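Quick mapping for you: the protein sequence lines, in order, are chains L and P. Residue numbering for the first sequence follows UniProt numbering, starting at 1 and increasing by one per position. Residue numbering for the second sequence follows UniProt numbering, starting at 1 and increasing by one per position.
If you're looking for bench data, these hints aren't it; they were derived computationally from the structure. Model, not experiment: these values are computed from the prediction. Careful: at least some of the hints might be erroneous.
Restricting the straight-line Cα-Cα distance to at most 30 Å, the calculated cross-link-like pairs of lysine-lysine (DSS-like) are [what the hints assert, rightly or not]:
| no. | chain 1 | residue 1 | chain 2 | residue 2 |
| --- | --- | --- | --- | --- |
| 1 | L | Lys152 | L | Lys92 |
| 2 | P | Lys233 | L | Lys42 |
| 3 | L | Lys42 | L | Lys125 |
| 4 | L | Lys143 | L | Lys183 |
| 5 | P | Lys66 | L | Lys92 |
| 6 | L | Lys143 | P | Lys36 |
| 7 | L | Lys92 | L | Lys132 |
| 8 | L | Lys125 | P | Lys66 |
| 9 | P | Lys66 | L | Lys42 |
| 10 | P | Lys36 | L | Lys183 |
| 11 | P | Lys66 | L | Lys132 |
| 12 | L | Lys152 | P | Lys66 |
| 13 | L | Lys132 | L | Lys143 |
| 14 | P | Lys233 | L | Lys92 |
| 15 | L | Lys132 | L | Lys183 |
From the structure, some residues in chain P lie toward chain L, with a derived Cβ separation under 8 Å [unchecked claim]:
| no. | residue |
| --- | --- |
| 16 | Leu20 |
| 17 | Val45 |
| 18 | Pro47 |
| 19 | Pro53 |
| 20 | Ala55 |
From the derived model, a few chain P residues whose C-beta atoms are all more than 10 Å from chain L [what the hints assert, rightly or not]:
| no. | residue |
| --- | --- |
| 21 | Val56 |
| 22 | Glu220 |
| 23 | Pro237 |
| 24 | Val238 |
| 25 | Ser255 |
| 26 | Ala265 |
| 27 | Lys273 |
Using N, Cα and C, we set each Cβ at its ideal position, and we do this for glycine too.
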Amino acid sequence: MRETVSDEVLIRRIAARDAQALEQLYDRYERPAYAFVFRMVKDVMAAEEVVQEMFVRIWNIADRIDTDGGRGKVSTWMFAVARNLAIDWLRKRGSKPLEALEYDEWERVKGQVEQETTEHAVERKLLGEQLKAALEELNEDQKQVLEWIYYKGYTQQEVADHERIPLGTVKSRVRLALNQLRKRFDEFVREGVWP
Amino acid sequence: MTAAIESLCDWTDLYAMGGLTSDERTMFEEHMAGCKNCRERLMAVAPIIHALPWAVDSIEPPAGMKDRVLARVLGVHEAAEAGEDSQLLAAKKLTDLPTATKLETASTSKGIAIYPVAARSRVLSWFTGGLAAAVLLLAITSGLLLQRVDRLDQEREALTAQVAEMQRQAGEDTSTGSPLVVNRVINLSPMNDLVAKGLATIVIDNKGMHLIVQAEQLPELQNEEAFQVWLLKGGRPVNAGTFLTYDGTGALYYSFESDDFDQIAITKEPDAKGQTPRGEVVLAAALPDV
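Start from the sequences and build out the full structure, keeping to the hints where you can.
Structure follows, in structure tokens:
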């Protein structure tokens, strides 16, 4: 069945210039990738362009991606590339392309994704719903700092300047937010949402 | 532990979230290679960051997006193999982010035929990659575009039916006049974090220009509130009418003579009586020149 083919296998087939594998990967990630990018850029046409560019990059660099060991790396990498491109659009409104950092992003993701990361879209969607609820539980300051850094691509210094708060406050808000989310994550694990 | 190292350890969460500059990231990665605490903290928070893309509201991608994206990706590949630099092509693509989708039109005996000009002009631009690239490109894109044409046919039929209905409501009958020709179709972008979607279609006949606005997923209206459409020229709004919604969906028809408006916006108004905008903009777009 098509659904049983892992992302890693699809990437290997894409590396061999298999257009059907690209289509299969596209079908799998069109909706989540579009929703994620739209969440960032809030523009329907820009979101489509960013998703399109993400697949261009995947197609171009697939032969350099070492997919051995550890599931979940491909999707994590894809979303990281999508986020970079979305931030690029937000910052430059498409006037200049992002530096070609997708391979660097792959190197970074490789070291951060553990084997137990779930591969299945249903589980991820469920986890996403749980995480969305957990994000709602953060206080306004914590939500704001996540919004600026993660969804708008601001650096710590830019957040400090924009919000007129010390750098240490930015760091502590991020830390408290992640600690709280991590705590909820541990509960997901106990509840069986996260494998 | 020195103050400098303590400071770098503080960067772990920001590194995981992508909140460091390029230089800071490099500095942190060098530090992390020799700092077990940072590596452990990163592994603890990374799964949260990696799950954030899944914690967003689901949204329907635009119709036909798959065909457009795959045609472009595979087209870029073929052009790149034929000698064009893929990064250059990527640069080209990001620099020509469209502000609206233009549809070229032609009248037929049955009504309106619509062809995707934007996609075609992009494809044509790759002909500079050489004749061989063009042949390969056309072979790939034609199959995908065929599917898209089918969908566009369906959309055309729906649009034609809507136009006919609008005309009936406006008391007009074009069956004996000049045929309606679609001049522009513009996607309206949501504002202020809304998820609303909208489409503005401008059609022309011998009586002038007609604007058809369709919008969905609009915010709920309270009391006497209404949505109002504005055509703008140099920031000066002209009232193009108001409409109410059913389940967040609404539409409006408006005839006008001038073709030099440069923007369209839909606002949520406290009532349907205003002659100037008072409420917040929910959807807007630039009106590109034809």
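Hint check results:
Proximity of L/Lys152 to L/Lys92 is assessed by CA-CA distance (about 12 Å); at most 30 Å being required, the pair is judged to hold. Using a Cα cut-off of 30 Å, the hinted pair P/Lys233 and L/Lys42 holds, with the two alpha carbons roughly 25 Å apart. For a cut-off of 30 Å, the pair hint linking L/Lys42 to L/Lys125 stands: about 21 Å separates their Cα positions. Of the supplied pair hints, the one linking L/Lys143 and L/Lys183 holds, its CA atoms being roughly 16 Å apart against a limit of 30 Å.
Restraint check: the Cα-Cα separation between P/Lys66 and L/Lys92 comes to about 25 Å, which is no more than 30 Å; the hinted pair holds. In summary, the hint linking L/Lys143 to P/Lys36 is supported, as the alpha carbons are separated by about 29 Å, within the 30 Å threshold. Between L/Lys92 and L/Lys132 the alpha-carbon distance is near 28 Å, which keeps this suggested pair within the 30 Å criterion. Taking the CA atoms of L/Lys125 and P/Lys66, the gap is near 21 Å; set against the 30 Å cutoff, the hint holds.
Proximity of P/Lys66 to L/Lys42 is assessed by CA-CA distance (about 19 Å); at most 30 Å being required, the pair is judged to hold. For the proposed pair P/Lys36 and L/Lys183, the alpha carbon gap of about 21 Å is at most 30 Å, so the pair holds. Pair hint P/Lys66 plus L/Lys132 holds up; C-alpha atoms about 27 Å apart against a cutoff of 30 Å. With a CA separation close to 26 Å, the supplied pair L/Lys152 and P/Lys66 stays within the 30 Å bound.
For the given pair, L/Lys132 sits about 11 Å from L/Lys143 by alpha-carbon distance, which is consistent with the 30 Å threshold. For a cut-off of 30 Å, the pair hint linking P/Lys233 to L/Lys92 stands: about 26 Å separates their Cα positions. Between the alpha carbons of L/Lys132 and L/Lys183 the distance comes to roughly 14 Å, so the proposed pair stays at or under 30 Å and holds. Interface hint status for P/Leu20: upheld, as the beta-carbon distance to the closest one in chain L is roughly 6 Å, under 8 Å.
Using the Cβ-Cβ criterion of 8 Å, the hint placing P/Val45 at the interface with chain L is satisfied: the shortest such distance is roughly 5 Å. Satisfaction of the interface hint for P/Pro47 is found here, the shortest Cβ-Cβ separation to chain L being roughly 7 Å, below the 8 Å cut-off. Taken as an interface hint, P/Pro53 checks out: its beta carbon lies about 4 Å from the nearest beta carbon of chain L, inside 8 Å. Taking 8 Å as the C-beta contact cut-off toward chain L, the hint placing P/Ala55 at the interface holds, the least distance being around 4 Å.
The claim that P/Val56 is not at the interface with chain L is violated, since a C-beta of that chain comes within 10 Å of its own (minimum 4 Å). Taking the minimum C-beta to C-beta distance to chain L, about 20 Å, the non-interface status of P/Glu220 holds against the 10 Å cut. Distance check on P/Pro237: its Cβ is at least 22 Å (rounded) from any Cβ of chain L, clearing the 10 Å threshold; non-interface status holds. The Cβ of P/Val238 sits about 25 Å from the closest Cβ of chain L, beyond the 10 Å cut-off, so the non-interface label holds.
No beta-carbon of chain L is positioned within 10 Å of the beta-carbon of P/Ser255; the least distance is around 27 Å. In this structure P/Ala265 is separated from chain L by more than 10 Å, as the shortest Cβ-Cβ distance comes to about 15 Å. With a closest Cβ-Cβ approach of about 31 Å to chain L, P/Lys273 is found to remain outside the 10 Å limit, as its non-interface label requires.
Hint check: a violation occurs at hint 21 only; the rest are consistent with the structure.
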